[in-house]
Amino acid sequence: MSPLPAPHDIPLPLPVSPLFLEVAIVFLFLIHILFVALMVGGSLLTVAFEIRGRRRPDCDTLAREIAATVTVNKSLAVVLGVGPLLVMNVFYTVFFYSANALTGAAWLAIIPLVTAAFLLTYLHKYTWERLADAKSLHIAIGALASVLFLIVPFVFLTNINLMLFPDRWTSVHGFLTALVLPNVLPRYLHFVTASVALTGLFLMAYFGRASYPVEGVFREFDRRALRRRFASIALGATGLQLLLGPLLFFTLPAVGVSWALAFNILAGISLALVAIVLLIHEVTAPAACLGVRYLAIATALTGTVIFMAYGRHLYRERALEPHRAAMAARTAEFGEAALAAQMRAKAGIHRTKGEVPLPPGEQVFKSICSACHARDTRLVGPPLTEVDRIYKGNPAALIAWVKAPGKKRPDYPQMPAIKLTEVQYQAVADYVLSPGH
Amino acid sequence: MDFPIFHLDFAGNRLLIAGIAVLHVAINHALAVGAMPLVTMMELHDLRHGRPDWDRLAYRTLAVCFIITTSVGALTGVGIWFATSLVNPAAIGSLIRVFFGAWFAEWIVFCLEVVAITTYFLTWKRMGHRHKRAHIALGIGLSLLSWLTMAVIVAILSFMMEPGSWTSQRSFISGVFNPLYLPQLAFRTPVAMLAAGLFALGLAFFLTRSERGLRAEAVRLLSLWVVAWTPLALAGGWWYRARVPAWMLANMPVALATQAYQGWYRDIAVALAAMGAVVLAVAAWGAFVPRRLPRAALLVPFCLVLVMLGSFERVREFIRKPFVIGSYLYANGIRADAVPLLQEEGVLAHAAYVSSRTITPANREEAGRELFLICCTRCHTTSGVNSVLAKLTNLYGAGPWDRDVVKGYLRTMHTVRPYMPPFPGTEEEAGAVADYLLALRRMPAELDGAQTAGVRVPPDGAPAPGSR
Numbered sequence: 236m237s238p239l240p241a242p243h244d245i246p247l248p249l250p251v252s253p254l255f256l257e258v259a260i261v262f263l264f265l266i267h268i269l270f271v272a273l274m275v276g277g278s279l280l281t282v283a284f285e286i287r288g289r290r291r292p293d294c295d296t297l298a299r300e301i302a303a304t305v306t307v308n309k310s311l312a313v314v315l316g317v318g319p320l321l322v323m324n325v326f327y328t329v330f331f332y333s334a335n336a337l338t339g340a341a342w343l344a345i346i347p348l349v350t351a352a353f354l355l356t357y358l359h360k361y362t363w364e365r366l367a368d369a370k371s372l373h374i375a376i377g378a379l380a381s382v383l384f385l386i387v388p389f390v391f392l393t394n395i396n397l398m399l400f401p402d403r404w405t406s407v408h409g410f411l412t413a414l415v416l417p418n419v420l421p422r423y424l425h426f427v428t429a430s431v432a433l434t435g436l437f438l439m440a441y442f443g444r445a446s447y448p449v450e451g452v453f454r455e456f457d458r459r460a461l462r463r464r465f466a467s468i469a470l471g472a473t474g475l476q477l478l479l480g481p482l483l484f485f486t487l488p489a490v491g492v493s494w495a496l497a498f499n500i501l502a503g504i505s506l507a508l509v510a511i512v513l514l515i516h517e518v519t520a521p522a523a524c525l526g527v528r529y530l531a532i533a534t535a536l537t538g539t540v541i542f543m544a545y546g547r548h549l550y551r552e553r554a555l556e557p558h559r560a561a562m563a564a565r566t567a568e569f570g571e572a573a574l575a576a577q578m579r580a581k582a583g584i585h586r587t588k589g590e591v592p593l594p595p596g597e598q599v600f601k602s603i604c605s606a607c608h609a610r611d612t613r614l615v616g617p618p619l620t621e622v623d624r625i626y627k628g629n630p631a632a633l634i635a636w637v638k639a640p641g642k643k644r645p646d647y648p649q650m651p652a653i654k655l656t657e658v659q660y661q662a663v664a665d666y667v668l669s670p671g672h
Numbered sequence: 018m019d020f021p022i023f024h025l026d027f028a029g030n031r032l033l034i035a036g037i038a039v040l041h042v043a044i045n046h047a048l049a050v051g052a053m054p055l056v057t058m059m060e061l062h063d064l065r066h067g068r069p070d071w072d073r074l075a076y077r078t079l080a081v082c083f084i085i086t087t088s089v090g091a092l093t094g095v096g097i098w099f100a101t102s103l104v105n106p107a108a109i110g111s112l113i114r115v116f117f118g119a120w121f122a123e124w125i126v127f128c129l130e131v132v133a134i135t136t137y138f139l140t141w142k143r144m145g146h147r148h149k150r151a152h153i154a155l156g157i158g159l160s161l162l163s164w165l166t167m168a169v170i171v172a173i174l175s176f177m178m179e180p181g182s183w184t185s186q187r188s189f190i191s192g193v194f195n196p197l198y199l200p201q202l203a204f205r206t207p208v209a210m211l212a213a214g215l216f217a218l219g220l221a222f223f224l225t226r227s228e229r230g231l232r233a234e235a236v237r238l239l240s241l242w243v244v245a246w247t248p249l250a251l252a253g254g255w256w257y258r259a260r261v262p263a264w265m266l267a268n269m270p271v272a273l274a275t276q277a278y279q280g281w282y283r284d285i286a287v288a289l290a291a292m293g294a295v296v297l298a299v300a301a302w303g304a305f306v307p308r309r310l311p312r313a314a315l316l317v318p319f320c321l322v323l324v325m326l327g328s329f330e331r332v333r334e335f336i337r338k339p340f341v342i343g344s345y346l347y348a349n350g351i352r353a354d355a356v357p358l359l360q361e362e363g364v365l366a367h368a369a370y371v372s373s374r375t376i377t378p379a380n381r382e383e384a385g386r387e388l389f390l391i392c393c394t395r396c397h398t399t400s401g402v403n404s405v406l407a408k409l410t411n412l413y414g415a416g417p418w419d420r421d422v423v424k425g426y427l428r429t430m431h432t433v434r435p436y437m438p439p440f441p442g443t444e445e446e447a448g449a450v451a452d453y454l455l456a457l458r459r460m461p462a463e464l465d466g467a468q469t470a471g472v473r474v475p476p477d478g479a480p481a482p483g484s485r
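Chains as they are written, first to last, in my numbering: chain A, 236 to 672; chain B, 18 to 485.
Next up, chain A with everything else stripped away, as it sits in the complex:
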């Protein structure tokens, strides 16, 4: 097995307690991913209903109503992502940034991709009437936005996955090689399906709530029909997870698996089963209004998501734990050695073999000035014979020049100011003006 990378951590203390960061990472991330899911799922459903809307006008209206939620949810998805990103950055600095760099081009491409997706979403929303006669074009705009929305999570998931396995870092050469690591694809499918499920659940409430003016908006659809429609979408997607979930679990590299993780997953599945049963009821025999049953479904699925998110965190912590410990030890050792070397440097002790520190006079000249000045030929700057004529007997003026050179000779470039210690200034001035020169 090839050796592992041995990076040092950033030697500044964590700004807040690790517990705070862990709680923040689980919860802030959940809120962020919820809106991402509504954005991705909403965008997909918009396109699906708009296509159906070519036959049934009410479906077109429905698509338009969903599109209005997407533009708001997408703004929230982005700003709510900044918080968890911040926490990831502090808590997993070395792991996260290393994965980012290894997939750099794709990682950076997220920015233009999401920007384009957002602009297309606005274009789609605000040209609904104007492009009514060019429906295919309009649908194509929405579909393009959806495709972009579908690409972006791939990049994120690849990064989040890669950071967990430093032993894989040397085998990665760009995004595509990181993408094919086991587990990325199952994770992705799991996420997209969850997005559709959550969006279904959200739209059930959005259109099912009493204050939504269904009659004013749709011709045929009534509140109950809408609710049922989205309940079946949520049901289908949640049911599919019963296949995708195990696939994800069994492709998970063993390093981070633990009993606690298994417990979380089982608890999550149990709640999902409860939700599925309730959803089946809702589809076959819809309740009179959005009431207790909806609340129960939403609570059960929220529970599922929390268990899964916490399990995910446990896995990550366990996978990284040994690397973290080794890194902390290395960082402390490096810090001490660096401090000792600073002390030696201050005291003028040089441990390096073969290298002479810059001693006064000749050494300063040879190592710095001689890059541009020679005795009696012009290099970058004028020859010393000329310098000698100007400054003979006046080293103070020469020092003043070296500290802050002016622009004097029109046919020469400007000399840069040279930073030295006072002792070195004096020494080099004496050396330049010494009779030997």
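Hints in this document: simulated from the structure, not taken from any laboratory. Accuracy of the hints is not assured; some may be wrong.
Said to hold, decoys possible - Okay, the calculated beta carbon distance ranges per label pair:
1. B/245 with A/291: 55 to 63 Å
2. B/375 with A/406: 19 to 27 Å
3. B/459 with A/642: 31 to 39 Å
4. B/469 with A/291: 28 to 36 Å
5. B/476 with A/505: 47 to 55 Å
6. B/313 with A/386: 37 to 45 Å
7. B/373 with A/553: 30 to 38 Å
8. B/469 with A/477: 34 to 42 Å
9. B/373 with A/505: 50 to 58 Å
10. B/36 with A/450: 50 to 58 Å
11. B/125 with A/370: 50 to 58 Å
Yeah, the Cβ is synthetic: ideal placement off N, Cα and C, and Gly gets one too.
Please arrange chain B on chain A, whose structure you already have, making use of the hints.
Only chain B this time, still in chain A's reference frame:
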């Protein structure tokens, strides 16, 4: 040294960050910080004087700002972060540890700002005339939030230039109240207002095509707005410049013009001042004879302000060199306090991603390449922007170069060119870099970053944990 090195060998990494940052700053200053108070003011104008046409203009201006800030604006903000964490992970990682509180607060304000602008925009028509006062109050709140996000981020930016007492105290408060904070804020605020005024002016021409009367009034009012903020911007700029440390000012000519054009420094400074004068002149024209102002005349000042803003950001980025965090972290991500150790024992001895810890006759050039990647590529490319080969050709001519002269240059580059950090490695390592540079010159080859080439680890890398 501790991160895989992302590198763009043609455009250079600085250009990547600069491009995203300038776009973001322009949008943030002109279309958010400055535009929100301006739009609110236009809305207020309707309330006071019963002018629905002003209300419409305000709404349309807001619509443009809304669409751009919530897409390009928000994403370039995240983009700066992505790009800096690729280009200089050590820097952004350190900054986040110091400024976690500020960034976290910034994030909360940012969330509120997005909610506020979305509500402000989406309820404009729905709240109608009956709730106009409440809606205007929302606009005022939004303006404050936009300003607040800028106020927090400026603390971090100015900290990066001059950490002040943080380097000794290492506390959050000492970091936030660094010496450049208030001056920079006092400069950016009026500049944002000014830029927003110019942007709205240009936009007003498109939005008032059929309403000549409204157009003249809008041009007058917006021009007055610009004229009013200009002296404050100048005063802020003056104060800021007075506070920039002397060693940074010494970098100013190269910052503005690059070394080759150092002599033009004065001319460029003059040109920037002239741009300011043009902006003021156009605004004054608009304020006094609004009907006579041609449309093209409006685009000019807006573009000029963008150029000024761009130069300001460039100078700000440059003059803090060789540091990314003043006196603490060099631009190549190496901490100043680690340099003595690295100069004794070598960069190769401590770097995570090098193929070997020692230099042998067989791997000299390869070791040199890896060292160059670590020590120099945050600022140089091989043959693209700020190409090291071109720089060396300037110094040592088109003829053959002497390896030992190049090596000697590396050992002293920080004294000769104070905007470069010291070479952090041993003499032997400097020799290897010189070997690489000479080889590169014989046979130019693109230098790939970790994003395509991946990383290598020396044979004595960390043992597999849990001895797997």
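Outcome of the hint check:
1. B/245 with A/291: 55 to 63 Å: holds, 57 Å
2. B/375 with A/406: 19 to 27 Å: Check passed, 24 Å falls within 19 to 27 Å.
3. B/459 with A/642: 31 to 39 Å: Roughly 36 Å apart at Cβ, these two residues keep to the hinted range, so it holds.
4. B/469 with A/291: 28 to 36 Å: violated, 49 Å
5. B/476 with A/505: 47 to 55 Å: For residue 476 of chain B and residue 505 of chain A the Cβ distance comes to about 49 Å; the hint holds.
6. B/313 with A/386: 37 to 45 Å: With a Cβ separation near 41 Å, residue 313 of chain B and residue 386 of chain A satisfy 37 to 45 Å, so the hint holds.
7. B/373 with A/553: 30 to 38 Å: Given range 30 to 38 Å: holds, Cβ gap about 33 Å.
8. B/469 with A/477: 34 to 42 Å: holds, 40 Å
9. B/373 with A/505: 50 to 58 Å: At 53 Å between Cβs, range holds.
10. B/36 with A/450: 50 to 58 Å: holds, 51 Å
11. B/125 with A/370: 50 to 58 Å: violated, 42 Å
Checked against the numbered hints above, the structure breaks hints 4 and 11 and satisfies the rest.
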